[in-house]
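Listed in order, the protein sequences are those of chains V, E, S and P.
So for the first sequence, the UniProt record's numbering puts the first residue at 1; every next one is plus one.
So for the second sequence, the UniProt record's numbering puts the first residue at 1; every next one is plus one.
So for the third sequence, the UniProt record's numbering puts the first residue at 1; every next one is plus one.
So for the fourth sequence, the UniProt record's numbering puts the first residue at 1; every next one is plus one.
Bear in mind the hints are in silico, worked out from the structure with no lab data behind them.
Check before you lean on any hint, since a few could be wrong.
No copy labels: a pair is met if it fits in one copy or bridges any two.
[Claimed, not checked] Below, in silico cross-link-like pairs of lysine to aspartate or glutamate (EDC-like), each with a Cα-Cα straight-line distance of 16 Å or less:
#1 Lys36 to Asp51
#2 Lys30 to Asp95
#3 Lys28 to Asp51
#4 Lys47 to Asp29
#5 Lys90 to Glu52
#6 Lys36 to Glu50
#7 Lys28 to Glu52
#8 Lys47 to Asp95
#9 Lys30 to Asp51
#10 Lys28 to Asp95
No experiment lies behind these values; they were computed from the predicted model shown.
So you can see what is in the structure, the chains are spelled out below.
Number of protein chains: 4
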Amino acid sequence: MTDHTMTHEHTGVAAGSDHSHHGYITDKDKYLNRLKRIEGQARGIHKMVEDEKYCIDILTQISALTSALEAVALGLLDDHLRHCVVDAAKLGGPDAEAKITEASQAIARFVR
Amino acid sequence: MTDHTMTHEHTGVAAGSDHSHHGYITDKDKYLNRLKRIEGQARGIHKMVEDEKYCIDILTQISALTSALEAVALGLLDDHLRHCVVDAAKLGGPDAEAKITEASQAIARFVR
Amino acid sequence: MTDHTMTHEHTGVAAGSDHSHHGYITDKDKYLNRLKRIEGQARGIHKMVEDEKYCIDILTQISALTSALEAVALGLLDDHLRHCVVDAAKLGGPDAEAKITEASQAIARFVR
Amino acid sequence: MTDHTMTHEHTGVAAGSDHSHHGYITDKDKYLNRLKRIEGQARGIHKMVEDEKYCIDILTQISALTSALEAVALGLLDDHLRHCVVDAAKLGGPDAEAKITEASQAIARFVR
Numbered sequence: 001m002t003d004h005t006m007t008h009e010h011t012g013v014a015a016g017s018d019h020s021h022h023g024y025i026t027d028k029d030k031y032l033n034r035l036k037r038i039e040g041q042a043r044g045i046h047k048m049v050e051d052e053k054y055c056i057d058i059l060t061q062i063s064a065l066t067s068a069l070e071a072v073a074l075g076l077l078d079d080h081l082r083h084c085v086v087d088a089a090k091l092g093g094p095d096a097e098a099k100i101t102e103a104s105q106a107i108a109r110f111v112r
Numbered sequence: 001m002t003d004h005t006m007t008h009e010h011t012g013v014a015a016g017s018d019h020s021h022h023g024y025i026t027d028k029d030k031y032l033n034r035l036k037r038i039e040g041q042a043r044g045i046h047k048m049v050e051d052e053k054y055c056i057d058i059l060t061q062i063s064a065l066t067s068a069l070e071a072v073a074l075g076l077l078d079d080h081l082r083h084c085v086v087d088a089a090k091l092g093g094p095d096a097e098a099k100i101t102e103a104s105q106a107i108a109r110f111v112r
Numbered sequence: 001m002t003d004h005t006m007t008h009e010h011t012g013v014a015a016g017s018d019h020s021h022h023g024y025i026t027d028k029d030k031y032l033n034r035l036k037r038i039e040g041q042a043r044g045i046h047k048m049v050e051d052e053k054y055c056i057d058i059l060t061q062i063s064a065l066t067s068a069l070e071a072v073a074l075g076l077l078d079d080h081l082r083h084c085v086v087d088a089a090k091l092g093g094p095d096a097e098a099k100i101t102e103a104s105q106a107i108a109r110f111v112r
Numbered sequence: 001m002t003d004h005t006m007t008h009e010h011t012g013v014a015a016g017s018d019h020s021h022h023g024y025i026t027d028k029d030k031y032l033n034r035l036k037r038i039e040g041q042a043r044g045i046h047k048m049v050e051d052e053k054y055c056i057d058i059l060t061q062i063s064a065l066t067s068a069l070e071a072v073a074l075g076l077l078d079d080h081l082r083h084c085v086v087d088a089a090k091l092g093g094p095d096a097e098a099k100i101t102e103a104s105q106a107i108a109r110f111v112r
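Assemble the whole structure, with the sequences as input and the hints as a guide.
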């Protein structure tokens with residue numbers, strides 16, 4: 001993981017502030033709820049293996065979890081393109097190029 | 001989820017027995033450890049969104065988690081083919097056919 | 001590519017014989033028709049790039065082609081499990097083990 | 001398929017003109033060569049099924065073809081982000097939003 005966020009941490013100056021550091025996540029609560037559910041799904045799969053449930057049923061739950069994760073990733077990626085990439089594009093220059101390269105690499109990790 | 005496991009529950013007769021009901025998972029502890037780590041990864045991603053970490057870094061963690069889940073699924077599927085499907089194949093008949101169909105459908109859910 | 005088929009070539013002894021060497025493909029004509037269509041799709045995508053059609057439309061055609069290929073792969077894999085793997089399972093021994101390992105590796109190549 | 005390209009056809013007015021209609025494909029010949037090879041791979045798979053080659057070998061070739069297609073798709077998508085999306089972002093407005101939505105949907109078709 002990179003430390004892209006480092007410089008941004010300083011912006012959260014107000015005590016108790018929970019405002020958006022990156023500010024690109026359009027509906028943070030929606031993501032937090034989905035990720036809470038994903039944690040529960042992961043815990044459920046652990047329990048199924050512990051209880052030695054039927055293999056195919058475990059696989060069904062794993063593919064449901066994988067789909068839920070992909071939906072979160074696609075949502076975050078859309079937000080990222082819509083905000084970070086668009087903002088960089090407006091400024092132009094090598095920074096815009098770098099943002100696109102970074103986004104393309106992230107996409108490739110999900111496709112391959 | 002189906003109730004395939006129902007008839008198998010009866011086989012775990014001995015008190016305190018934690019022996020394998022389905023008996024097809026070759027290295028249960030390995031899976032339990034991996035799934036514990038997966039739960040931790042899911043929790044870490046929730047925290048990253050809460051802290052509004054850089055989007056691309058979150059995506060990197062989600063793709064790592066997806067890969068970890070796929071590795072577990074492929075391991076379980078291999079165990080399933082090696083035990084349940086092979087056993088059914090030896091007996092033959094419609095049950096063997098049904099097991100293959102079920103396995104193929106599980107595979108399709110991961111490929112598509 | 002391996003030369004698994006080598007020993008099988010000898011079995012097609014009768015002149016003009018077009019019988020199945022591997023005999024596991026349940027509906028060969030269906031696959032041949034689908035693959036003819038897939039060749040046409042590939043040719044169409046080449047033409048779209050040549051004519052510099054709109055990028056998103058080209059991507060739509062590529063994902064349609066990828067789905068068509070996955071459907072063929074899943075069909076062949078099902079046939080393979082249903083015939084080669086089941087036959088090996090009935091005989092048992094290291095050959096059965098090797099067939100499962102080989103099938104699992106083929107599945108992994110489509111999932112990852 | 002949409003008819004986005006319709007209005008662009010008119011721009012290729014000069015006889016023998018092979019200039020880029022969309023102009024976003026950075027290395028058209030590279031893509032045309034890759035797609036020629038992909039057509040050849042599709043033809044080869046058809047031949048393998050016709051000759052009833054070993055199923056696992058056919059699956060290996062299908063996954064190689066799928067990977068080749070994904071590489072083309074990722075390349076085109078990168079070009080698309082780098083040109084069409086960046087240009088739309090600079091202009092801003094609903095058109096920029098629509099371009100991002102369209103790109104996200106194209107990405108989703110490859111991930112799911």
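Any hints from earlier that this structure breaks? Give me their numbers in increasing order, please.
-> 2, 5, 8, 10
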